[in-house]
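Undergrad: Using the hints, position chain Y with the ligands against chain U.
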Amino acid sequence: MSYLEIKNANIGFGPESNRTQVLNSINLSVERNEFVAIIGFSGSGKSTLMSLLAGLEKADTGGVYLDGQEISGPGPDRGIMFQNYSLLPWLSVFENIALAVRQVFPGYSKTQTNEHVERYIGMVNLLPAVDKKPHELSGGMRQRVSLARTLSMQPEVLLLDEPLSALDALTRSNIQDEIIRIWNEDRRTVVMITNDVDEALLMADRIVPLTMGPEATLSQAFDVPLARPRDRATLNANPEYRRLRTEIANFLIEMNEESKRLRSSPDLKMPDVTPHDFTTATSAAFREFSETDVFQLEQEEKAG
Amino acid sequence: MSEKTPEKIKYRILRFLDVTGFTVFDPVVRLAFREEPRKQIESITKFLVVPTLFVALCVGLWWVVAPNHKTKSGEVPTPNIVFSSALINDTFSEREKTKESDFLLSGDARVQALQEVDTLMSELEAELATLKSTLTEQESLYKASLASQIDPIEEKLDALKAENRQARTDRSQSIEALSLEVASGRAPNSELVEAIRKDNELYAAGRQAENVFKDQIEAIRSDKFKPLETARLDVNAVADEIQFLKKRQAFLSDSNRSVKLEQTKDKLAAQDGKLADADDAKAVLKEAKSLVRLENGVERLETQQYASAMTIYLQIKRSLFTVFVGFLMAAAIAIPIGILCGLNKIAMACLTPIISIFKPVSPVVWLLIFQIIVGAFFPDPETHPFFLFFDSIPFINSLGINPALIFSACTVAMCAVWPALVNTALGVSSIDRDHLNVARVLRLGFWDRLTKIIIPSSLPLVFAGLRISLGVGWMVLIAAEALSSSDGLGKFVWDEYQNGSSFSFANIIYACFVVGLIGFLLDRMMIVFQRLVSFDRSESTV
Ligand SMILES: Nc1ncnc2c1ncn2[C@@H]1O[C@H](COP(=O)(O)OP(=O)(O)OP(=O)(O)O)[C@@H](O)[C@H]1O
Ligand SMILES: [Mg+2]
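Residue numbers (the numbering used here), protein chains in the order written: chain U, 1 to 304; chain Y, 1 to 542.
The hints are simulated quantities; they were obtained by calculation from the structure and are not laboratory data.
In this text, all values refer to a predicted model and were calculated from it rather than measured experimentally.
Using N, Cα and C, we set each Cβ at its ideal position, and we do this for glycine too.
It is possible that part of the hints are untrue.
Said to hold, decoys possible - Simulated DEER-style distance windows between Cβ atoms: (1) D168/U to L57/Y: 57 to 65 Å; (2) I346/Y to G12/U: 22 to 30 Å; (3) K345/Y to E16/U: 14 to 22 Å; (4) Q69/U to V528/Y: 17 to 25 Å; (5) F105/U to P37/Y: 50 to 58 Å; (6) I346/Y to N8/U: 31 to 39 Å.
What the hints assert, rightly or not - Subject to a maximum C-alpha distance of 27 Å in a straight line, what follows is the list of computed DSSO-like cross-link-like pairs (lysine-lysine): (7) K97/Y to K132/U; (8) K224/Y to K72/Y; (9) K132/U to K4/Y; (10) K267/Y to K133/U; (11) K10/Y to K133/U; (12) K10/Y to K132/U; (13) K345/Y to K317/Y; (14) K247/Y to K224/Y; (15) K133/U to K8/Y; (16) K132/Y to K156/Y; (17) K345/Y to K58/U.
Stated by the list, open to error - In silico negatives: residues of chain U with every beta carbon more than 10 Å from chain Y: (18) N8; (19) Q112; (20) E185; (21) E240.
Isolated chain U (complex conformation):
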C-alpha cells in the first residue's frame, strides 16, 4: 500500500436533485517522498482534488488514506497551500505565519518561534515586508507568504495548489529550487498543481493529468525519469525531456479537442424541417400596399 492514496473517490456539488459530478472515480497513489505534479485545464477540478487530499472536502464515495489510515478531516500533517492564498487580512505577514507556527509547534519558546517564522519569511525573500498587512502586498508577495506559511508548518505532505503562478521567472526559479531542496532534504511528499508543463517536468517524479471536467478523472500518468539534480540550462537539450514535453503537450491538445468533440456530439436528434420562405409573400404584399398608397396620394393631390 502506498503512503498517500485516493481510492475510487467521487465528488460532486449542488443539491441531490441537481448535482454536478466534478470528480469521477479518482484513483491516485503517491509513494513516500514522491513528488507528484497534477496538470489539468482550468475548472476541471484540480483544487477540489486538493481539498479532498487535505480533508477539507469529503468524497461522496470512496476515501483518502494516509499511511493506511483513512483521513477524517484536515490537519497540519498535510500542509495545504490554498490557490487563493487565504491569508488573514487583519494579521501582518509575520503574524499570519506565527499563528500557524504557534499552533503546530506549541512547545517553542518565543524566540524560537520568531526565529522559525523569520527563517521561512527569508526563504521567500519577504523580510522587508514582514510587518505589512496582506492588503499592502502585491499578488505575488501574498502567494509567497502563503507558501511560507505552509512550509513553516513542516508538514509530512505538502499540497501545493499552483504555488508559483503569480511570480516572475527569476523569483519563480529560486522558489522552485527551495521547494525541491525542502522536499529532498526533509524527505517530504509533495503533490503540486501546476499548469506549466516545464515546471512539472523540472520538479516532479510523475505527472498526472486530470481530464476535462465535468466528471474529470485522472488519466495515465507520465513518469519523469530525468536524473536529479535537474539543471534548467541543460534540461532543454535533453532528448528525454523534449520527448516527454511533446508527448504531454500533444496529450493535452488531444484532450482539449476530444472534449470539444464531445461537447458538439451529434447525439441530439434534430427535427427534420425546412424553413418556410416568407420573403416573396411579404414583399408582394408590401408592393401592393405602397402602390395603393401612392395612388391615393396622387388622387388627393389632384383633388386639392
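TA: Here is chain Y with the ligands on its own, set in the frame of chain U:
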C-alpha cells in the same frame, strides 16, 4: 532628508484626516504644502467654500424668518440671541465654580478673597448708583419726549371726543322729537327708522376717527427708546453682578466651610465645659446629647462639598456618563449574543422573534417599564445596599449613581442593543470560508478559532453596529431624560420649556446645537475606532 520631512508631516496629517473622516480638509493641507495649487483651490471652492456659503445662507434665513413668528415664549430667537444664551450659560457655570472654590477656601486666602470681593462690591455699588441715576434721567427724558409727542394728539383726541359726544346727544334729542311726531301720526314710520340708522352710522364713524388717534398714541408708546433700554440692561447687569458678589461674600464668611467648621468646633469646646458644669441627671443627659450632635456636625462639615446648581456643562457630563453606561451595557449584551447567533443557526432562529418584536418598540415605553422595575428594586434608594456599596468606593461615589441613572441607562441599552446585535451576528455568520479553512487545517480549538479568526474578521461589522448603537443611544437618552426629569441635557431642555423665562427658548435652541454637536463627536469617535479595526481599508460612510 530635509526634503523628506515635510512630506512625512504632510502624509501624517492626511492620514489623520483620513482616519477621523475629515477628508474634506484634505485639499487645504495639500495646498499648504504647495501640491498642485490649482486643483486644490478648485476642490476647496467646490467642497468647502460652497457648503460654507450654504450654511451661512441657512443661518441668514433663520435670522430673517425667526423674528416674524411670535410664540407664547416670545419671538423665535435669532442666532445672536442663541449665542448670547450660550454665553449666559457659560457665565453661570463660571460663577458656580467661583462659589465652590469660595466655599472651600480657608485661612488667610479666605480673608484675602473676602477683602477683594468687598472692594469689588463697593466699586460696583458706586457704579450701580451712577447707572441708576442715568436710568432715572433717561426715564424722565423718555417721559418728556413721550409727553411732547403724545400730548398734542391727546388734546386733539379729547376735542374730537367732546365733539362726537355733543353730536350724539343732539341727534338723540332730535330722534326723540321725531318719535313723538311719529306716535301722533304727523310723520311716517320710515323717517324715524332712517334717522336711527343714520345715528348709528355717524356714531361708528366718530369712533373710528377717535381710534386713529388712539392707534397713533399706542404706536408712540410701543416704540422702544434705545437709550432707556440700554440703561435698564446696564443696571440689570450690574445688579446681577452685585447679587453674585453678595453670594460670594456669604460663601467667604458665614456659609464658608472652614468658618462653619470653626464655629461648630468652638461650640463643641464650650459644650465640653457645659457638660462638666451640669449637675443633675437630666441636664447631664441633655448636654451629652448636644455634645454628640455637635461632634457629628463637625464630622459632616469636614467632608462637606459644595452643592453646585446644575449648569449645562454638568448636564452634559451627566448625559455622557449615562449614555456610556447604557452603551457599555448594550455592547456587553449584544456582542456575546450576536456571536452566538452568528455561530449557531438555532440560536439565531430562537432570537429572531424576540429581536423582531422588541426592536421597533418606542424608547418611551422602555423608559416607563424600566422606571417601574427599577423603582420596585430600590424602594428606598438612600439606604439600599446596592447604592451604599457604590457610595463606599472612593472614585465611583462621585459619579452619582442613583435609580434615575440606572433606568435611563437601561432604556438606552434596550434601544441600542439591537443594531449592535444584528450587525455582530451578520459579521460572524458572513465570515469568509477560506479563513475558516485555515482554522480547520491548523486544527484551532474553539476558543482560538473564536478569538483569532471569528472575532477579528467580524470586528469591522461589529464596530459599524456599535456606531449605530451609540447614535441611537444618544438620541434616546435625551428623550428619556426629558420625560423622566433625570439629570442630563434632556432635563435641561425640559426645565427650560417649563420655566418660560425670556431666555428659555434661546436656551432650548442652544441645547439643540449642543446635543447635535456631541452626537456628531460621538459618531466621529466611533468612526475612528471602526477605521482602526477595519483591515480592508473600505471607506466608512460619513
Ligand atoms: N464549493 C463548490 N460548490 C459548487 N461547485 C464547486 C465548488 N467548488 C468547486 N466547484 C466546481 O467544481 C469545478 C472544479 O473547480 P476547481 O476549483 O476544483 O477547478 P480547478 O481545476 O482548480 O480550476 P483552476 O485551474 O481555475 O483553479 C468547477 O466547475 C466549479 O464550478
Ligand atoms: Mg484551482
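Undergrad: If a hint holds in the structure, say so; if it doesn't, say that too.
TA: Results of checking the hints against the structure:
Remark: the range hint 57 to 65 Å for D168/U to L57/Y is upheld by a beta-carbon distance near 58 Å. Remark: the range hint 22 to 30 Å for I346/Y to G12/U is upheld by a beta-carbon distance near 28 Å. As the Cβ distance of K345/Y to E16/U is approximately 20 Å, the hint placing it in 14 to 22 Å holds. The supplied range of 17 to 25 Å is broken by Q69/U and V528/Y, whose beta-carbon atoms lie about 52 Å from each other.
The given range of 50 to 58 Å is respected by F105/U and P37/Y, whose C-beta atoms sit roughly 57 Å from each other. The hint said 31 to 39 Å for the Cβ distance between I346/Y and N8/U, and at roughly 36 Å that hint holds. For the suggested pair K97/Y and K132/U, the alpha carbons sit about 51 Å apart, so the restraint of at most 27 Å is broken. As the CA atoms of K224/Y and K72/Y are separated by approximately 21 Å, the hinted pair is consistent with the 27 Å bound.
Simply put, K132/U and K4/Y have alpha-carbon atoms about 22 Å apart, close enough for the 27 Å limit, and the pair holds. A distance of roughly 74 Å separates the Cα atoms of K267/Y and K133/U; the hinted pair therefore is violated under the 27 Å criterion. Straight-line distance between C-alpha atoms of K10/Y and K133/U comes to about 23 Å, which keeps the hinted pair within the 27 Å bound. Using a Cα cut-off of 27 Å, the hinted pair K10/Y and K132/U holds, with the two alpha carbons roughly 21 Å apart.
The straight-line distance between the Cα atoms of K345/Y and K317/Y is roughly 42 Å, outside the 27 Å bound, and the hint therefore fails. Taking the CA atoms of K247/Y and K224/Y, the gap is near 34 Å; set against the 27 Å cutoff, the hint is violated. About 21 Å separates the Cα atoms of K133/U and K8/Y, which keeps this hinted pair within 27 Å; it holds. The suggested pairing of K132/Y with K156/Y is violated, with an alpha-carbon distance near 36 Å, which exceeds 27 Å.
The suggested pairing of K345/Y with K58/U holds, with an alpha-carbon distance near 22 Å, which does not exceed 27 Å. No Cβ of chain Y comes within 10 Å of the Cβ of N8/U; the nearest lies about 25 Å off, and the non-interface call holds. With a cut of 10 Å on Cβ distances, Q112/U stays outside the contact zone with chain Y, its closest approach being about 18 Å. No Cβ of chain Y comes within 10 Å of the Cβ of E185/U; the nearest lies about 24 Å off, and the non-interface call holds.
In this structure E240/U is separated from chain Y by more than 10 Å, as the shortest Cβ-Cβ distance comes to about 37 Å.
Comparing the model with each numbered hint stated earlier shows that hints 4, 7, 10, 13, 14 and 16 do not hold.
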